[in-house]
Amino acid sequence: MAIRCHRRSSACLLAAALLAAVAPASAQAASRRFALFIANNDGGAGTHPLRYAKEDAEKVRNVLTRLGDLAEQDALLLYEQSADQVRGALARLEPRLRQAAESGQRPILFVFYSGHAKDGALRLGSSSLPLEELKTRMAATSAEVRIGLFDSCRSGATRTKGARKAPAFEVDSGLLQGVRGLVILASSAADEDSQESDELSGSFFSHHFASGLMGGADSSGDGKVSLAEAYAYAYSRTVADTAETAAGAQHPTFAYDLAGNGDVILTDFAARTEGVLLAADAPEGSWFVVDSRGAVAAEVSKSPGIERRIALGPGRYRIKRRLPDRLRVGELSVPAGQTVVLNDQMLRDAPFSDDPVKGAVTRRFQPESHFGMALGGGYQRFFEGPFPSTGLIGLELGLRGYLRENWLLGFDLAFGGGNASVLPGGQLPYRFSEWDLGVSIGREWPVGLLSPFLGARLAMIGLSRRFTGDPIPDQVYAAMTPGLLGGLQLRLSSHLTATARARLHYLFYNVDSRQSLGYLEGALLLGYEL
Amino acid sequence: MSLNYRRAIALVLALLPACGTWSDLDAQFLAAVPTKDDLTLSGPAETQSSPLTADISQRQDLLGTSRVYTDVVQQVSDVNKFIDALANGLDFIRKLPPSQRLADARLWGPYDDDKHPGLQIQIGIQRVSATEYHYAVQYRRKGAADFSTVIAGVFYGEKASHGMGNFQVDGRVGKSLGISQAQDAEAVELGYNMSDGLSTVGHLKAQYSAAALEYAYATKRDGSGEVSFTVTKDFVAGPLGDETLRVSAHWLDSQAGSASAEVSGGDLGTSKGTQQECWDESARQVYLSKNFDCSGASCTEGSPSACRLAPPTP
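Chains S and C, in that order, are what the protein sequence lines are. The working numbering numbers the first residue of the first sequence as 1 and each following residue consecutively. The working numbering numbers the first residue of the second sequence as 1001 and each following residue consecutively.
No false leads were mixed into what you were given.
Label-pair ranges, simulated between beta-carbon atoms: (1) C:Ser1305 x S:Pro429: 46 to 52 Å; (2) S:Leu520 x C:Asp1196: 37 to 43 Å; (3) C:Gly1302 x S:Gly425: 47 to 53 Å.
For the record, the hints were derived by calculation from the structure and aren't laboratory data. Cβ coordinates follow ideal geometry from the N, Cα and C atoms, glycine included.
Turn these sequences into a full structure, and let the hints steer you where they fit.
Below, the structure written as structure tokens:
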């Protein structure tokens, strides 16, 4: 049976639900699961760095190893690895898959990817792995069922025509042709950006997928979450959460051909007594479970009159419900092997400012071009020549992505000044002032929260001085100065940045003599991006 | 470096406009040239009395009714006028950037001299060492090839207000070019020393065709000072030549002071006229003593105890 879901199609949900209903879960006792979790924040040239790829992979991996009958040694995590390293890891799994099959177990291969995808390929730093090749490699394994989950930008269905970039890959365009027992899930449609959330400390899709695996997706209430249930839950929650974001709704897609294998049970917590039980009379709506790091460990959409289990591991958690005018918050501990019943009486009212979740702003994988302002101070020092060193304060306007992705265009204005003397010992003292007006162009290479950058700058520098103790007329100098710049920007939040920057400039001096001078500027800036 | 490479660099530099007057060397050159304020003497306040050195032939009451104080004021004023004339000639270098900058020299001009049509002026300063500068004010007639030096100066130190130096003015060249008048001095030398930063010590010698003046002065920043001058001139018509007038004066910052004067030589023969005088803060004479022209009048007025400063030795 092959089902292809198209974006924005309610039939997709229906089909998944039907699949879950009519396809009995395969016997799990004989299965042996292997998984490859691939995470890479860096998508190489032309991409903007992600922040939570690793967190997404670890989140899904932790749930599957805890609840999904996936042994730790069979769950490989590849972080910031190249395409060749992924190929190698897959090859290393094959003997174990074959051994499981030969021993009568039912091998299931789960490949999870969180990162960039572009032009039909996964982007792993500077390398790329075509999805078609990965599918072929997965199909060539001894696994009976192969599940690929790709949480990446523009990773889904057929894109519309136009001038936009090519889709990362198309899930429903014959991807499964000739391959049986293969499921491909993608976090977004082909012409959509997948979105990360600072509030969730991860991508919407992975977050909801993992939450669903912990019980949120158990629509049948049997204590098990099947692949179809997990997808249906992740789909509905992702679409709902992203509908109001600036990037627009994100629609997960999938292609599904289990070749008579029936649905796959991903997690089974029926026999586990550990976790949180949302009582049937608990208010409906979204319940957030926040871990000790301030990250959302699980999110459950509670329906009225239905009991819902969340298979959390032991630990202390904070609970949050968001009401139109306030929050309802509380705390609880989940002891090992025990279930804690959670109801609204355990919560108290709190203002929105007391939100236990760190951050609250969503952010896109690939932000569009934007601009920002930065204010900072620095120090300028000439290597030689008649000009004094000085402190500078400046204001800068930066345009990101207007020229090309990851290219910067900046305009800056700075002022400085102070007291100095022509001769040592304060002889011929003067007061001077300086202004700089510059335009720069550069490129950044974002890696996580950090963005190193290099560029070139052309500035007009003007200096003037007034002698304070001698009858010497005022002096001025102005020149165009070309230079190079480089630095490192740290993203403090979705809007705030801190930047350390150095500039090396050339200045042609021609009064006393013709001299080629150089000066160095160092600065620290605090920026706000819109 | 290949020629093409150099041309490429030159082209790039040409495309980078740079201009201005910011020059440490300019500042050092300018600081070496004293200003009018650096050199101006601060003497006692002027009064309306006629000076002692008025043409003696017109003053039959020589020293009898003299006002030494007034004469000192007049002499200081004359010196300052002379300094003004010198300094003003140099001052325009502070208004215009140098026309030429060489490694150890700066040149202003040549410019047409507005005050003397038909002449061109240039001023050059040369740095001989970090603390020695030579400069010259030169003139030429328009169309002439060579300049003639009218004022030459030397300065020692890092800045004029804390250094020492001297000028020489060649009045004969000035007169030949029409810059100086016939009655002006033929040669002037002005020396100064301000190296302690608290006082100005200097001398001025002026040689005229029929007279010679010599001044020595020391003024402090607080307003006190002293000056002595000698005028050699044929004050009294007669067969025995020039007489010599020597005056020494000193004063406090309050302007109260005293002076001694002596006239000798020439047609006065072996006789010598002396006079001592003291004045108070308002320039009012408080003591007078002289040895001549006392007939019908006392040779002493007031008491020496009224003097704030004892009269100096002439």
